[in-house]
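In order, the protein sequences belong to chains L and X. Heads up: the first sequence begins at 1 in our numbering, then just goes up one per residue. Heads up: the second sequence begins at 1 in our numbering, then just goes up one per residue.
Because the hints were derived from the structure by calculation, they are not lab data. It cannot be assumed that every hint is accurate.
Stretch by stretch, here's where chain X covers chain L in the computed footprint (C-beta under 8 Å, at least three residues) [what the hints assert, rightly or not]:
1) 14 to 27
2) 44 to 52
3) 55 to 61
4) 91 to 101
Far from chain X by the CB rule (all over 12 Å, computed), these chain L residues [what the hints assert, rightly or not]:
5) Ala32
6) Glu38
7) Leu39
8) Ala40
9) His75
10) Arg79
Using N, Cα and C, we set each Cβ at its ideal position, and we do this for glycine too.
Each chain, letter by letter, is given below.
2 protein chains.
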Amino acid sequence: MSLPIGPPAARPCYAVIFTSVRTDGDHGHAEAAARILELARQQPGFLGFESARQEIGISVSYWSSLDAIEAWRAHAEHRAAQERARDWYRSFRVRVCRVEREYGF
Amino acid sequence: MSLPIGPPAARPCYAVIFTSVRTDGDHGHAEAAARILELARQQPGFLGFESARQEIGISVSYWSSLDAIEAWRAHAEHRAAQERARDWYRSFRVRVCRVEREYGF
Chain L
1 MSLPIGPPAA
11 RPCYAVIFTS
21 VRTDGDHGHA
31 EAAARILELA
41 RQQPGFLGFE
51 SARQEIGISV
61 SYWSSLDAIE
71 AWRAHAEHRA
81 AQERARDWYR
91 SFRVRVCRVE
101 REYGF
Chain X
1 MSLPIGPPAA
11 RPCYAVIFTS
21 VRTDGDHGHA
31 EAAARILELA
41 RQQPGFLGFE
51 SARQEIGISV
61 SYWSSLDAIE
71 AWRAHAEHRA
81 AQERARDWYR
91 SFRVRVCRVE
101 REYGF
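Sequences are here, hints too, so could you generate the full structure?
Following this line, the structure appears as structure tokens:
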């Protein structure tokens, strides 16, 4: 991560909140997650990424448009990873959001 | 949390993504955070809460309207906590979002 917290403010900005509970064991998850993040960074419209895990994991990626999110969702290597979701996650939830306003220090 | 991940899908749904880097030491943060979450749960329009922390912390609260979020932001005890932000956080970012779509298992 190049910034301690999230992307620079951009308008419009969309956030994909990925919330998950892991299965036991790694099942190649760590390597795949690193690869998928590396790929995501290369996609048009990618703005940033934040992640933390305790009992649950929360990862948020930021994008410049819904089209960029859709294109990333349909990316072949990303799709192959999505098909492994049940190996890695007991449950997960994806929420695609439009950032309405933003502040902080 | 009554559910492993987030609130039941509700429409409309808004998410407040609070991303932070802590200062060193607790400074009463743990107690205050627990109290603030307890209060949030009592607010009209509160739908759910998810949180995880490693290098950064990500907390997401879910609400039924922007008005509910604004009323919570203006709540006296919540405001008093907000004034302590610089004791607890080296940096933070708040992003108020509208949830456009949602899926998972």
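Verification of the supplied hints:
no., hint, in the structure
1, 14 to 27, "holds (count 6)"
2, 44 to 52, "holds (count 3)"
3, 55 to 61, "holds (count 5)"
4, 91 to 101, "holds (count 11)"
5, Ala32, "holds, 18 Å"
6, Glu38, "holds, 18 Å"
7, Leu39, "holds, 21 Å"
8, Ala40, "holds, 17 Å"
9, His75, "holds, 17 Å"
10, Arg79, "holds, 15 Å"
Hint check: no violations occur; every hint is consistent with the structure.
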